[in-house]
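Participant: Sequence:
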Amino acid sequence: MIAAFRSLATYVAVSLYVAIAGPPFILIALAFGAKKLLYRVGHGGVRLAMILSGLNSRIEGAEHIQRERAAVYAVNHTSNVEPPLLFDALKSLFPRLRILYKAELRKLPVLVRAFDLAGFVPLERANRGQSLPAIEAAAAALRDGNSFLIFPEGTRSRSGELLPFKKGGFIMALRGQAPIVPVAITGARHAMRKGSPWVEPVTVTIRFGQPVETAGLSVDDRDALMATVRDRITGMLKDSAS
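Its first residue numbered 29, the sequence shown is counted upward by one per residue in the numbering used here.
Errors might be hidden in some of the hints.
Unchecked claim - With a straight-line Cα cutoff of 25 Å, these simulated DMTMM-like cross-link-like pairs (lysine to aspartate or glutamate) come out:
#1 Lys222 x Glu181
#2 Lys194 x Glu152
#3 Lys135 x Glu91
#4 Lys64 x Asp172
#5 Lys64 x Asp116
#6 Lys194 x Glu228
#7 Lys195 x Asp172
#8 Lys63 x Asp116
#9 Lys63 x Glu189
#10 Lys195 x Glu228
#11 Lys266 x Glu152
#12 Lys266 x Asp172
#13 Lys266 x Asp248
#14 Lys194 x Asp144
#15 Lys130 x Glu91
#16 Lys266 x Glu241
#17 Lys135 x Glu88
#18 Lys135 x Glu181
#19 Lys222 x Asp251
#20 Lys130 x Asp251
#21 Lys266 x Glu88
What the hints assert, rightly or not - Listed next, with one range per pair, are the computed distances between beta-carbon atoms:
#22 Glu96 x Arg68: 17 to 23 Å
#23 Glu132 x Gly244: 50 to 56 Å
#24 Leu136 x Arg68: 32 to 38 Å
#25 Pro51 x Gly188: 36 to 42 Å
#26 Asp251 x Arg97: 20 to 26 Å
#27 Ile79 x Ala168: 21 to 27 Å
#28 Arg156 x Asp259: 26 to 32 Å
#29 Ala168 x Arg221: 34 to 40 Å
#30 Lys195 x Leu44: 20 to 26 Å
#31 Pro225 x Leu65: 40 to 46 Å
Keep in mind the hints are simulated off the structure, nothing from the lab.
Backbone N, C-alpha and C fix where the C-beta goes; we use that ideal spot for every residue, glycine too.
Please model the entire structure based on the sequences and the hints provided.
Facilitator: Set out below in structure tokens:
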């Protein structure tokens, strides 16, 4: 009951925050190119949600965050709380952090405008005609020094076990010649289970692993690269569980 009340309060407060702060800061970002300000406003919404819901994160392996070069952060996916928690954990990369996200989220009017201004890239996996140009656009952004956050499973896992990986993010990393940092999240599934609207006040652990280099590799190496990153995340999840 307490979690339900806190969750409702969080939804109301964050909705008001987005409705009030979103439009004027989007206009400021458009007028003055103040992209970093837009990131800070978004991060403020994330922090507000974390405080009100009682959700906390513990960061391990922060030394593997690539602050001096572009990288792709590949994360396991079990809960809706993971994207905002990663956004918070990677705040040191603002405003050069991008997200490769599902195109369905473009139905949210205020968010989609902010996403476009921030350079986030929508991916419609079922539409090859859209997905290939999107991957190329993301690879170009990588080459320009921007990092990306991806969830290679493409959807949330109900069991917590890793689902099969999609290839798009790995092709993007190879075309952009950017390293992939494996990231293992534990505890998020207990914070917000798939199908539930309530957020439980728990601490989620975010563990960054050593980057997997892609320099000198080609798109033909995508399956081997995907297997390597998957093995790294699997091992990190097992270490966290032991």
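Participant: Among all the numbered hints in the text so far, which are the ones the structure does not match?
Facilitator: Numbers 3, 6, 9, 10, 11, 12, 13, 15, 17, 19, 23, 24, 27, 30, 31 - these are the hints that the structure violates, sorted from lowest upward.
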